[in-house]
Structures are given as structure tokens and as C-alpha cells.
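Per this note's numbering, residue 513 is the first one in the sequence shown, and the count goes up by one each step.
Source of the hints: derived by calculation from the structure; they are not laboratory data.
In this text the structure is predicted, and so the values were computed from the model without any measurement.
Accuracy of the hints is not assured; some may be wrong.
Below, computed lysine-lysine pairings styled on DSBU-like, alpha-carbon distance capped at 30 Å [as the list claims (entries may be wrong)]:
{"no.": "1", "residue 1": "Lys530", "residue 2": "Lys559"}
{"no.": "2", "residue 1": "Lys530", "residue 2": "Lys557"}
{"no.": "3", "residue 1": "Lys526", "residue 2": "Lys559"}
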Amino acid sequence: MHYGPRLVPNPHLKQVIKGCPKKTCFLNEMDICDLSSPRHCRLCKGKGHSQSRCPNRSGASASGSSPNS
Numbered sequence: 513m514h515y516g517p518r519l520v521p522n523p524h525l526k527q528v529i530k531g532c533p534k535k536t537c538f539l540n541e542m543d544i545c546d547l548s549s550p551r552h553c554r555l556c557k558g559k560g561h562s563q564s565r566c567p568n569r570s571g572a573s574a575s576g577s578s579p580n581s
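With the sequences and hints as input, model every part of the structure.
Here's what the structure looks like:
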């Protein structure tokens with residue numbers, strides 16, 4: 513028999529992952545701090561948006577994406 517403390521996960525910190533079920537993730541206080549930081553774009557290095565919502569995305573993808581030229 514186990515006599516140590518009983519650990520119960522907090523259901524409010526449960527992370528739902530889209531796609532095929534792999535495992536259930538529970539966020540802790542350190543992960544919540546990382547999620548609240550502002551987003552950074554990989555294309556323009558700007559803050560407040562991601563690569564999929566970048567205002568420079570349409571111009572950057574159209575300029576060098578034709579391999580048959």
C-alpha cells in the first residue's frame with residue numbers, strides 16, 4: 513500500500529491537442545507564463561501576430577515562389 517501524498521491533476525490546466533490522440537498534457541504554472549507572452553512572427557520578426565497572420569506574407573510568398581521561371 514502507498515502511504516505518500518495523493519496527487520490529483522488540475523482539470524482546468526488540461527491541454528486539448530487536435531489530431532490523433534497521443535497523450536493528455538497538463539500545463540503547469542511555468543507553461544501558463546509562456547503562453548501569455550506576445551507572439552512573434554517568423555517572417556518579419558514582428559510582435560503581436562504569427563506567421564500565418566503576417567501582413568507581409570502575401571508579398572513574400574508571391575515574389576519568389578515560381579520555380580518554373
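Hint check results:
Taken as a hint, the Lys530 and Lys559 pair is honoured in the structure, with Cα atoms around 25 Å apart against an allowance of 30 Å. Annotation: proposed proximity of Lys530 to Lys557 holds, straight-line Cα distance about 27 Å (limit 30 Å). Taking the CA atoms of Lys526 and Lys559, the gap is near 27 Å; set against the 30 Å cutoff, the hint holds.
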